[in-house]
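Peer 1: Chains as they are written, first to last, in the working numbering: chain A, 16 to 266; chain B, 219 to 721.
Hints listed in this document are in silico derivations from the structure and should not be mistaken for laboratory results. Glycine is no exception: its CB is placed at the ideal position from the N, C-alpha and C atoms.
If you anchor each label on the Cβ, the simulated ranges turn out as follows:
{"no.": "1", "chain 1": "A", "residue 1": "A198", "chain 2": "B", "residue 2": "T442", "range": "21 to 29 Å"}
{"no.": "2", "chain 1": "A", "residue 1": "A198", "chain 2": "B", "residue 2": "P302", "range": "38 to 46 Å"}
{"no.": "3", "chain 1": "B", "residue 1": "D460", "chain 2": "A", "residue 2": "Y199", "range": "27 to 35 Å"}
{"no.": "4", "chain 1": "B", "residue 1": "T347", "chain 2": "A", "residue 2": "A230", "range": "31 to 39 Å"}
{"no.": "5", "chain 1": "B", "residue 1": "D460", "chain 2": "A", "residue 2": "S61", "range": "31 to 39 Å"}
{"no.": "6", "chain 1": "B", "residue 1": "G270", "chain 2": "A", "residue 2": "A230", "range": "28 to 36 Å"}
{"no.": "7", "chain 1": "B", "residue 1": "D271", "chain 2": "A", "residue 2": "P224", "range": "40 to 48 Å"}
BS3-like, lysine-lysine: derived pairs with alpha carbons at most 27 Å apart:
{"no.": "8", "chain 1": "A", "residue 1": "K265", "chain 2": "B", "residue 2": "K519"}
{"no.": "9", "chain 1": "B", "residue 1": "K519", "chain 2": "A", "residue 2": "K238"}
{"no.": "10", "chain 1": "B", "residue 1": "K420", "chain 2": "A", "residue 2": "K238"}
{"no.": "11", "chain 1": "B", "residue 1": "K409", "chain 2": "B", "residue 2": "K274"}
{"no.": "12", "chain 1": "B", "residue 1": "K395", "chain 2": "B", "residue 2": "K360"}
{"no.": "13", "chain 1": "B", "residue 1": "K395", "chain 2": "B", "residue 2": "K519"}
{"no.": "14", "chain 1": "A", "residue 1": "K248", "chain 2": "B", "residue 2": "K469"}
{"no.": "15", "chain 1": "B", "residue 1": "K573", "chain 2": "B", "residue 2": "K591"}
{"no.": "16", "chain 1": "A", "residue 1": "K74", "chain 2": "A", "residue 2": "K174"}
{"no.": "17", "chain 1": "A", "residue 1": "K154", "chain 2": "A", "residue 2": "K35"}
{"no.": "18", "chain 1": "A", "residue 1": "K265", "chain 2": "B", "residue 2": "K469"}
{"no.": "19", "chain 1": "B", "residue 1": "K377", "chain 2": "B", "residue 2": "K315"}
{"no.": "20", "chain 1": "B", "residue 1": "K469", "chain 2": "A", "residue 2": "K238"}
{"no.": "21", "chain 1": "B", "residue 1": "K553", "chain 2": "A", "residue 2": "K248"}
{"no.": "22", "chain 1": "B", "residue 1": "K519", "chain 2": "A", "residue 2": "K248"}
{"no.": "23", "chain 1": "B", "residue 1": "K591", "chain 2": "A", "residue 2": "K265"}
Calculated from the model, a selection of chain A residues having no Cβ within reach of chain B, i.e. all distances over 10 Å:
{"no.": "24", "residue": "N160"}
{"no.": "25", "residue": "A165"}
{"no.": "26", "residue": "A226"}
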Amino acid sequence: MCLVTLVIGITSCSKELVYKNMPGIYIDKEKLTARDSTAYSFAEKSAALMLDTIYIPIKISGEMSNTDRAVPLQANAARTNAIAGTHYQILSSVVKANELTARAAVLVKRTPDLKTRQLRILLEIVPSADFPLTITNTKTNSTYNGEPSASYNPGYLIKLTDQLLKPDTWDGSGSWFKYYFGAYSAVKFKFIIEVTGRTVWGDRARYGPDAPTSAELQIYYTKLITALYEYEKINGPMIDETGNQVTFPKL
Amino acid sequence: MKTYRQAILGISVVCLMLFSCNKDKGNYDLKPIHEIVVDQLNDGKEIEILSGDVLKLTPGVKQENTTNGTYKYRWYMYGDNYTPAIELSDKKDLDIKITAPIGGYTLMYVVTDVSTGITSTQQRHMTITSKYASGLLVLDEKASGGDISQISLNGDIYKDLYSAANGGNHITTPGSKLVGFFYKRGLDIQKPIFIFISSPGKNTVEIDPESYKESGAFSSLLATPPQSPVQLSDITGMSSGDPVYAIVNGKLQFSTGGTSTPLFQGALLGDYDLAPYIITTTAGGRENIPSQTYLITYDQKNGRFLWFAGFNVGSFNTYSTDMTNPGAFDPNNIKKQCVFSCYSNQYAYYNWLMKDAAGKMYFYQMFPISTQKAASVYLEITAAPEMSQATIFAGSTKLPQIYYVADNRIYLYDYKANSARMIYTFAAGEQITDMKFAVGRVPAYETEYRVLRTLDKIYIATYNGTEGKVNEFDVSATGDIGTPVKTYGGFGKITSMFYKEKR
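Just chain A, same shape as in the assembly:
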């Protein structure tokens, strides 16, 4: 008993441990549905939309500051073939004083060449005076056996086009794309957009303000199988770009 008391006493007199702040900043991939990249297509948007903004969630490591700090987001020149100013513009953004998170804004522009090609913008955080610490990767909040279940690469790729692309989340878990429409093909997706008149689908056609309701999806599904039935009566099977027949699941 005396020994324990002695140890406690000695420890309490030792010098305080000092935390040295080394601020860092990273893209908060926990907030992104598609963790490492997004395919952005103006073809899925209104024909009148010439500019749009993609927001990148940002988070800091280290202590909050009592002043605003610029987000050091840049495009990796070697791995980016979109032209700054022509196809995109990284807008100035800050982590506000006494805040841990921010949103960096990337302006993307609808140019004629996007009709025939897909361009890449690889965004990266670079060390700065405000954020000298380089964070090479981040880890998930979710854990497995006490360890983070995954880690993320530091960059974020925007694939920019005005062509119809496969929605990133088509095959995602719980995707209503997959449930109502089945396997993706470009021919099928074009048919879906023509029949439904809908170009914006949101995350997995299920989540977020851009997603259709389940009642809307049931109506879309009905319109699609009816339109395909009518198409096939006149033209025979609809064949996609891979030579497969376009079909919809039997629900």
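Start from chain A and add chain B according to the hints.
Peer 2: Only chain B this time, still in chain A's reference frame:
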């Protein structure tokens, strides 16, 4: 060890003594809250009121130790299925005309002391009824046009309700029909019965089931309406589950249901043109029918039965062509015109009357599976006088019998005996224009989950060239109808009747 325990105990006692000397700094300067006391509504009794009547309630409100308090009042009610609140009044006493749909409600009265926020609440269950809630709807045609009257279950007659509710307008003549069904999810908005007027060459319209005011085009219930005129010929729900089916312009429209007003997603796919009868099936809650089909219809275009099972629009199905285990007939190869269909006296068997090109009549009975064994009974009808001329039929769900009409004569066809006999003749010159059973439409275990069950009354409309009459008969245990127990006159030519069961 003993010494150690004593030391711990001693320290604990000292600590307790020290805390017991601590001054209690709590504020116990309590004041009475002056509760509000409100009299029970309607002296604590259930409130029953007719739709359209004025509800007056003047409950006493007192507050302890207060004489001139300032209060806020709120009267509101919500339906038995927790429908959104209906605000009624912000006055102390209630004096309001009740216009909500008929059904059960909870009436709430909340009194709030403005200065303290103290509230007191009283509630009472209330049933709104209507003299139009139940009875027989009669659509008749006069020189001025079509109209709807109602014969209530106590025999009171309310004439020309449609024109009264629709600014003096009348229903298109000739040949308009009343079509309706029970929709369980409609209870969410106190509207379990939907009624429509289907007129030849015109778009079908919906009418309010109590006021008979037109409430809109039937096509508004269709996500993709067909080309106008949009004509409804039959509509029914499932015996269990939410889906609703409707035959519109010969195609079967499907709704997943699930909402208080059904929205039809679209028509089932295929090359078909349906006879105006939908049979939704049941296993009665008493057996398991493997791979049960939910629905049976008849394709007039191709002379075959079609079935469907599912919860989304898909292709209409023909029956299996595997003939290794044949039924009484091939459901894919009937090649006759359907003249009538009805539920039978057995919950899982469904009756169809067919006529061939030569005018010969046939009886078919179907079971709800997709194989050839769905074909249960096939009869050539040889002993049913005048049946081939009949256009008005009514099937019993209590006995294996179908009533049919020829001019002023009523016959009763027994499909177990495969023969018919005449059971009543009206006076010469009285033409029978419609015939409907009193029916129950609420599927439940007790009713073997049938979507339609005939009761012990049958109504037969006649017209002698100047006056239409409704003749009410009691149906005996043998199916005989005797003579009319009541006759209601003064109508024009009655073209359609619809029975609303008691709510």
